[in-house]
Amino acid sequence: MIEQMRREDPLGVMCRVLGVSASGFHARRSRGPSRRAQEEPRLEIETRAARQRTRQTYGPERLQRELAAHGVRVGVHRIKRVRRRLGLRCKQRRKFKVATDSRHSLPVAENLLEQRFEAAAPC
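The sequence shown begins at 25 in this note's numbering and counts up by one.
Derived from the structure by calculation, the hints contain no laboratory data.
No residue lacks a Cβ here, since even glycine has one placed at the ideal position from N, Cα and C.
A portion of the hints provided could be inaccurate.
[As the list claims (entries may be wrong)] Derived CB-CB ranges, DEER-like:
hint	residue 1	residue 2	range
1	T78	L130	18 to 28 angstroms
2	A51	L112	34 to 44 angstroms
3	R79	D33	44 to 54 angstroms
4	L130	E85	41 to 51 angstroms
5	H50	R117	32 to 42 angstroms
6	G95	S58	16 to 26 angstroms
7	T124	T81	24 to 34 angstroms
8	L112	Q62	20 to 30 angstroms
9	H94	R117	45 to 55 angstroms
I would like the entire structure built from these sequences, with the hints used as guidance.
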């Protein structure tokens, strides 16, 4: 953010407003990306792969165990953050529920509208 705003205001003013020392800003800029930032692309790839392997049905806790089985040790909250950033959600599997029970002894309603329920040909 300071890099972007630097063209508009002097560095000293920006650092003072944001409560950062100028030396700290320069030290951070000269350092490379953190280890976690370097691991992020691999974690994203592994998360997507695990999601495909599990038919997109695993939540963060089960996904953590799946990733650990493949050698990727990562916390649940980090998985949640990665999934949120990537827009990944798990599919809810609905249990099969029988909608019609034809094996009953109840009487069948009369065909008052005289509708014909046979087809001349498949649709």
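Status of the hints after comparison with the structure:
T78 and L130 have their C-beta atoms about 43 angstroms apart, which leaves the hinted 18 to 28 angstroms range violated. A hinted range of 34 to 44 angstroms holds for the C-beta pair A51 and L112, which are about 35 angstroms apart. Roughly 52 angstroms separates the CB atoms of R79 and D33, a value that falls within the hinted 44 to 54 angstroms. Against the hinted window of 41 to 51 angstroms, the Cβ-Cβ separation of L130 and E85 comes to about 46 angstroms, which satisfies the hint.
In this structure, H50 and R117 break the distance hint of 32 to 42 angstroms, their C-beta atoms being roughly 53 angstroms apart. Against the hinted window of 16 to 26 angstroms, the Cβ-Cβ separation of G95 and S58 comes to about 21 angstroms, which satisfies the hint. For T124 and T81, the hinted distance range of 24 to 34 angstroms is satisfied, since their beta carbons lie about 27 angstroms from each other. For L112 and Q62, the hinted distance range of 20 to 30 angstroms is satisfied, since their beta carbons lie about 21 angstroms from each other.
In this structure the supplied range 45 to 55 angstroms is violated for H94 paired with R117, their Cβ-Cβ distance being about 22 angstroms.
In this structure, the hints that do not hold are numbers 1, 5, 9, in rising order.
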